[in-house]
Amino acid sequence: MGLDALADDAGAANRFHLARAFRAVCDTPPHSYLVQARLVRARQLLPEGKRPAETAATCGFADQSHLGRWFRRAHGVTPAAHRACCTDVPDRAPNRLRCAPASGEA
Numbered sequence: 054m055g056l057d058a059l060a061d062d063a064g065a066a067n068r069f070h071l072a073r074a075f076r077a078v079c080d081t082p083p084h085s086y087l088v089q090a091r092l093v094r095a096r097q098l099l100p101e102g103k104r105p106a107e108t109a110a111t112c113g114f115a116d117q118s119h120l121g122r123w124f125r126r127a128h129g130v131t132p133a134a135h136r137a138c139c140t141d142v143p144d145r146a147p148n149r150l151r152c153a154p155a156s157g158e159a
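According to the numbering used here, the sequence shown is numbered sequentially starting from 54.
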C-alpha cells in the first residue's frame, strides 16, 4: 500500500499532508518508521536461528544485501554477526569432506 492509498484511507488531503501529520505525531517520516519496524522484526528473528536471507524476505527487505545495509547502518554489525552473537547456530554446516576416514580405510 502506497502513501496515496494510505492518505485516502486516513482521510488526509494528500500523501504530503499525511507525511507531515505522521512526522508531527511520530517524530519520524513514514518510510523511516517502516524501516525501523522491519529492523526490530529482524532483530527478533535472527536470534531464533533464522538465516539472514530468510529474515530479509520475511521482514520485507528486497534481499539479504538490502537487510545487511540497513542493519549495519542502524546497529553497527551485520545480521550474521548479530545472529552469531545471540545464538549458537552456525551459519554453515560443517564441511563433510574433511571428515576423518572410517576405521579400516586408508
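No lab work stands behind these hints: they were computed from the structure. Owing to the predicted nature of the structure, the values given are computational and were not obtained by experimental measurement. Glycine included, C-beta positions come from ideal geometry on N, C-alpha and C. Take these hints with a grain of salt, some might be off.
Pair by pair, the computed Cβ-Cβ distance ranges are [said to hold, decoys possible]:
(1) Gly64 x Thr131: 38 to 44 Å
(2) Ala137 x Leu59: 24 to 30 Å
(3) Asp80 x Ala115: 23 to 29 Å
(4) Met54 x Arg122: 22 to 28 Å
Here is how each hint holds up against the structure:
{"no.": "1", "hint": "Gly64 x Thr131: 38 to 44 Å", "in the structure": "41 Å, holds"}
{"no.": "2", "hint": "Ala137 x Leu59: 24 to 30 Å", "in the structure": "37 Å, violated"}
{"no.": "3", "hint": "Asp80 x Ala115: 23 to 29 Å", "in the structure": "26 Å, holds"}
{"no.": "4", "hint": "Met54 x Arg122: 22 to 28 Å", "in the structure": "24 Å, holds"}
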